[in-house]
Amino acid sequence: MTETLESTADTGTTLHEPRGTLHDSWVIARRGLIHMRRQPEQLSDATIQPVMFVLMFGFVFGGAIKPPGGGSYREFLMGGIFAQTLAFATFGVALSIANDRKNEIVDRFRSLPIGRGTVLGGYALANFIKATLPVVLMTITGLAIGWRIRAGLVHAVEAYALMLAFVFAMIWIGILLGSLVQTPEGVNGIAFAVLFPATFVASTFVPPESMPGVLRVVAQWNPISTLADSLRHLFGNPASVPTANSPWPVVHPIPYTVGWIVAITVACAPFAVRAYRRSLDD
Amino acid sequence: MAAPAIEATGLVKTFGAFTALDGVDLTLPRGAVTAVLGPNGAGKTTTVRILTTLTAATAGTAIVAGFDVATHAHEVRRRIGLAAQDATVDHLLTGFENLVMVGELHQLPRREARDRARQLLETFALTDAADRRTEHYSGGMRRRLDLAVTLVANPEILFLDEPTTGLDPRARAELWDVIESLVDTGVSVLLTTQYLEEAERLADDILVVDHGHIIASGNARDLKRQLGRDRIGVTVIDSARLDEAGDILRRVCATEVEIDRSVRTITAPTSTGLGGLTTVAHALDDAGIEVEDLALRQPTLDEVFLALTGRPAE
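Each protein sequence line maps, in turn, to chains A and B. Final position of the first sequence in this note's numbering is 841; the numbers increase by one with none missing. Final position of the second sequence in this note's numbering is 316; the numbers increase by one with none missing.
All the given hints hold, so there is nothing to weed out.
For the chain B half of the interface with chain A, some residues (derived, Cβ under 10 Å), not all of them:
{"no.": "1", "residue": "55"}
{"no.": "2", "residue": "106"}
{"no.": "3", "residue": "114"}
{"no.": "4", "residue": "151"}
Okay, the calculated beta carbon distance ranges per label pair:
{"no.": "5", "chain 1": "A", "residue 1": "836", "chain 2": "B", "residue 2": "60", "range": "12 to 20 Å"}
{"no.": "6", "chain 1": "B", "residue 1": "167", "chain 2": "A", "residue 2": "675", "range": "29 to 37 Å"}
{"no.": "7", "chain 1": "A", "residue 1": "608", "chain 2": "B", "residue 2": "68", "range": "52 to 60 Å"}
{"no.": "8", "chain 1": "A", "residue 1": "675", "chain 2": "B", "residue 2": "111", "range": "18 to 26 Å"}
{"no.": "9", "chain 1": "A", "residue 1": "836", "chain 2": "B", "residue 2": "111", "range": "25 to 33 Å"}
{"no.": "10", "chain 1": "A", "residue 1": "608", "chain 2": "B", "residue 2": "179", "range": "46 to 54 Å"}
{"no.": "11", "chain 1": "B", "residue 1": "213", "chain 2": "A", "residue 2": "837", "range": "24 to 32 Å"}
{"no.": "12", "chain 1": "B", "residue 1": "70", "chain 2": "A", "residue 2": "752", "range": "40 to 48 Å"}
{"no.": "13", "chain 1": "A", "residue 1": "666", "chain 2": "B", "residue 2": "111", "range": "24 to 32 Å"}
{"no.": "14", "chain 1": "A", "residue 1": "825", "chain 2": "B", "residue 2": "16", "range": "33 to 41 Å"}
These aren't lab readings, by the way, just hints derived from the structure by calculation. Every residue, glycine too, gets a C-beta built ideally from N, C-alpha and C.
Just need the whole structure built from these sequences, with the hints factored in.
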């Protein structure tokens, strides 16, 4: 034992030069990805759930609901469930932060010579990659049940880019939430209380025009609705049809959604970083 | 090399109205092992957290490995290894993956990080468990892995925060062996512990802390002379003869004795070691008092505290 130990303290320690936050964040992100692989049950919000929603709503309600401008309900549904699933990405980040606080590995990271934003960058990167999983799975499921991309390649690429941008914004909210809420149970509680209404009072499953007064207004201004409608437009699928007295977001879903993405990022990022740091301080 | 590994002066840390550290001075010479000994809540972990840059001191300065923790945290972090009180390894990662991850975060190239991981697993007798998730490790294995992780980047200074708390005696003895062999390699170590025995076995110098103050310091022999001599403990079989046995101890050891009637045990400090024990044994035998247990033991932390502060450790 002693022989091998000799190399541990040739106390003229060789110090390695830093290779940058991106390298370090990727090392921490790889850990996050291993976690996801080893706890597949925690991935259900990104795997089983969206696929089930597509199949259930597509087949169970498909016959009863008519898209506003006519056409296939299943095609209308896809944009909605894409938007809903991406909104849930918030919780992946929040949960990983809350879980790590519980098992104290954060102290290990903090005692290492890595940049200040590294650990957060790692969470963000891992959850960004995680968020692409349901997008791929839903695309396959959608194609299998008759959903088609009808507006050409360029618009399709724009649609997927918009989804990734939306995830990026959601991750900041997730960091903020994971830093403010102390326990994983708390995070789950908020997920249920906030995200379900936020994604249901929207054009996700039914056109807002069919909703009563206040709900309709909320749904029309809800960025999840406009993300869903943006995707529907970009994929060439049936979407909300604006009328003369539709509010601005319904008429211009894409700029409205992009505006939200920018606003969330600009407003949340500094708070999120600060809240995260403060949550680590004693 | 003349500069000490750690030089801290006047460290104060308050949390709101609560003062966790109240002016701690501490010097750790290069290549030495210093133990910070004290009960829960004495400020041991707070001291370690300040010196390892995890928390900022309210007042005072600390130079660790030649750099100020307040202004050059990054440089300090490159040169230290911390084994925190709760082994901070990732439960879902294997032992090997944990080591490689920390190696890479210490900026080791991937291949080097892997070689280093294998080497450390071997050193700490964890090769067989290398590819198992650490959630399936025993407490002792997890501590050994934590120590291995701490050594990934050949630190100049090691911080071990209560390295054996919660371990069974066998795992504790194994870990002591490991720490001793580390010390032989010349690394500087700051160790916190609640066990006098541990401090004595591993450290050159011992600082006794209580309520954020250092209340005594020196090597184990000095300290013991100063505050806690060895104890002779006698447990008699017949409780009716407890007082009689107490008189014998009082006479032989020439000190006051403590009598605990509930367990029929008498304890007396002694400085005569084995000789005193033999005398007591003969005296009890001559009086015909039957004895269940007779032993010479070291003072416990409680007794050390009693001697130093006039009250038991909390």
